[in-house]
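Spelled out from the first residue to the last, the chains are:
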Amino acid sequence: MIKKTVNNVQEAIEGVQDGMTFMLGGFGLCGIPENAIAELVQQNIRDITCISNNAGVDDFGLGLLLQKKQIKKMISSYVGENAEFERQMLSEELEVELTPQGTLAAKCQAAQQGFPAIYTPAGYGTEVSMGKETREFEGKMYVLEEAYKADFAFVKAWKGDEAGNLIFKGTARNFNPCMCGAAKITVAEVEELVPAGELDPNQIHIPGIFVQRIFQGKNYEKRIEQRTVKAKN
Amino acid sequence: MIKKTVNNVQEAIEGVQDGMTFMLGGFGLCGIPENAIAELVQQNIRDITCISNNAGVDDFGLGLLLQKKQIKKMISSYVGENAEFERQMLSEELEVELTPQGTLAAKCQAAQQGFPAIYTPAGYGTEVSMGKETREFEGKMYVLEEAYKADFAFVKAWKGDEAGNLIFKGTARNFNPCMCGAAKITVAEVEELVPAGELDPNQIHIPGIFVQRIFQGKNYEKRIEQRTVKAKN
Amino acid sequence: MLDKNGIAQRIAKEVKDGYYVNLGIGIPTLVANFVRDDIEVEFQSENGILGMGPFPVEGEEDADLINAGKQTITALPGASFFDSATSFGMIRGKHVDLTILGAMEVAENGDIANWKIPGKMVKGMGGAMDLVASAENIIVAMMHTNKAGDSKLLKKCSLPLTGVGCVTKIVTNLAVIEVVEEGFKLLERAPGVSVEEIQKATEGKLIVEGDIPEMIL
Amino acid sequence: MLDKNGIAQRIAKEVKDGYYVNLGIGIPTLVANFVRDDIEVEFQSENGILGMGPFPVEGEEDADLINAGKQTITALPGASFFDSATSFGMIRGKHVDLTILGAMEVAENGDIANWKIPGKMVKGMGGAMDLVASAENIIVAMMHTNKAGDSKLLKKCSLPLTGVGCVTKIVTNLAVIEVVEEGFKLLERAPGVSVEEIQKATEGKLIVEGDIPEMIL
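Chains as they are written, first to last, in our numbering: chain F, 1 to 233; chain L, 1 to 233; chain S, 1 to 217; chain W, 1 to 217.
Think of the hints as simulated: they come from the structure by calculation, not from any bench.
Using N, Cα and C, we set each Cβ at its ideal position, and we do this for glycine too.
Treat the hints with care, since some could be wrong.
Stated by the list, open to error - Each computed EDC-like pair below joins lysine to aspartate or glutamate, with the alpha-carbon atoms no more than 20 Å apart: (1) S/116 - F/97; (2) L/68 - L/81; (3) L/3 - S/38.
As the list claims (entries may be wrong) - Covered by chain L, according to a simulated footprint, are these stretches of chain S (three or more residues, beta-carbon under 8 Å): (4) 39-45; (5) 58-71; (6) 137-147.
Claimed, not checked - DEER-style ranges, computed between Cβ atoms: (7) W/191 - F/72: 35 to 41 Å; (8) F/149 - S/25: 49 to 55 Å; (9) L/220 - S/25: 42 to 48 Å; (10) F/230 - L/14: 39 to 45 Å; (11) S/25 - F/72: 25 to 31 Å; (12) F/59 - S/40: 40 to 46 Å; (13) S/59 - W/60: 21 to 27 Å; (14) F/8 - W/40: 35 to 41 Å; (15) L/226 - W/40: 24 to 30 Å; (16) S/146 - F/72: 33 to 39 Å.
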């Protein structure tokens, strides 16, 4: 077994530098790598390009990096719910590349699995496909989208083991598995880190080969963006 | 919940016809849809094109269909261990298309996920890429391989529920998940069929949306091809 | 004339037994409330759940269980969770039977625009472009006209497109319309709404053949 | 001169701490027996397991747990199972650090032929074409010459190729050879084998620079 454990978030993000490209898992505030984000804020890593489905909210998630103007460019599918983001975007302090959500997931997974590019119908005939190669297969048009490249992928899982195997929970899974192994170094933070052998090998969502470093995260806030409930009967 | 259960293998394979293309899960004899194969033999469905990593052995797996000369064409990555196969291939009774194993998996999964084609480096510069479109991405050459088309996919899982959700066991998983939803109709046979709600939604390998029919299989033989053991210490 | 709930109620009738359905944000979300309970339907949310249930009872919210609108939800028996790539694999692979979403504009050729207003803050297309590019059955839920009273059913979309030639049906506060090769084919009128009113509110080519029945909710 | 176990033993020294390794059928399978036990290594089998262990104790064979050679195996702590698409995703994505496989022929430019002899029964390439097309570190384990005594290290492969320009190292019964731009660079001699014997058994361009040490097993 190849051990992937590191002692803390500082060791986990060792090597991050200004100007790098990061993938960050999560959908909205669900399943985001809270510890890694906090440490990137702490270390004031700047001029970052972030590949992340969303951009957090004003005071949480990627919003924390935006507040300190650490992000140069966002590659996302949806960036609402964030006033500071809006301000930086409109003032052109922040570069924004909007990509269909499924294309974003596929471009990450293509990088993970060694596919140089994929053909997707999403965005054909829209401004998203402008300047991109398009092609017909059996009467339907597709856009050629190249795999992403990134220096680090920061993901958050529910459970993980020393070998880097990951299990996600509920819809906190989202983009996290697609980003594992899609960057030069994948850093996984988990709510519960267990010795190798404790996870059922049949139930691993992401095999450790896709993860370079794993650590036990701390103080998860797991904020809810839209608390919707129904009355008790 | 959308119920996918059918009562038996006869109902499960309803609609199969001579000349159709089938995907069949399994690696060697591990994780093959034993019940579906037996019923295809029973109903003497002929002129079949099979997309399957292997071709079984003389008296088991796809070998049973070969014995009765029901297969017109095999699309596989490895077809050894089968004397009748060899005879039919050399006598040109059987058409054989050999495809790299990873390409086979990717072409099934592309069909499942609506990708019209994929670019793979496998087979570039070999006879496998002859007549196929090739293309360079960042200095490396790739072969364009189109998604498979099939009428039925027959897969075998360990556990399944009424909603068609599947869980596989060990290396019996192999090609089975990649073929689910990759044909017009996917038929899953399982060792244990349970009511919806009994499987942990976090541990489903294949969501029921990729499966049209599911049934409880019978009399699994689960033959071992190479029984290798070590002495007790 | 229908209100938002009325539109959702009418669209619910398009949801058939055995359908996997993806509901967009806004009016489409309301459709779930009106689906007949004697048919089998499963809701997919593109952030990674199939078999989505209603909102949780207060106190049972789970931060790890949300829908694409970031709302806390529940999972029904038979549900499954999966990653975003698999989720859009379902969508791209045409395994989702029906997509219901809102729009700012629909053109008579089925083009849809619902993600961007030039000069205004752009929030992004989310999963909408993937959904409209792949789904074979796309119903748009929207008001027939915008706040300024201008038609949203146009000859040609003026806003940046989300997808081309993809909308199959439109249910508005005024009418049920099918998008056919020749244009907007009027199928039903909302209660109390005349064909003339619908015609007036429709900029694109409206096809009226024979008697147009009032819709039954 | 080495026997098959000797070749495996020498190759085992190429397996470094932290490597994920894919072993082909035949001599490569034997490599696992010789890997130092003070380093961390995991074996991947392309049919869907990472963390493959030794053969099971008699009576504990599981039909659902085999390797790519269809042999019954075990899973070590930290193992994981996955489907074939994911497995080849690992391979294609260069996550597997070392691939060890057999060959019928290797050319001085790194081409490899190991899957087909025209006119004879063809069993298929299995996963070999995927492995050689993607792996960055490919070691071939084979006899230096075939049964007829002809060299298997050629100027140009005569058999249909499995992959082009991909082999990085070759370990035979006679020598350890690195494939460099100019040809086969001789690194080590097998015990008791002279450079002349290696030269005689090598059809392709053999590069001999300085003293060639005898290999240490």
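Against the structure, the hints:
no. : hint                     : verdict
1   : S/116 - F/97             : 13 Å, holds
2   : L/68 - L/81              : 18 Å, holds
3   : L/3 - S/38               : 13 Å, holds
4   : 39-45                    : holds (count 4)
5   : 58-71                    : violated (count 0)
6   : 137-147                  : violated (count 0)
7   : W/191 - F/72: 35 to 41 Å : 59 Å, violated
8   : F/149 - S/25: 49 to 55 Å : 32 Å, violated
9   : L/220 - S/25: 42 to 48 Å : 46 Å, holds
10  : F/230 - L/14: 39 to 45 Å : 41 Å, holds
11  : S/25 - F/72: 25 to 31 Å  : 29 Å, holds
12  : F/59 - S/40: 40 to 46 Å  : 43 Å, holds
13  : S/59 - W/60: 21 to 27 Å  : 47 Å, violated
14  : F/8 - W/40: 35 to 41 Å   : 21 Å, violated
15  : L/226 - W/40: 24 to 30 Å : 28 Å, holds
16  : S/146 - F/72: 33 to 39 Å : 36 Å, holds
Violated hints for the displayed structure, listed by number in ascending order: 5, 6, 7, 8, 13, 14.
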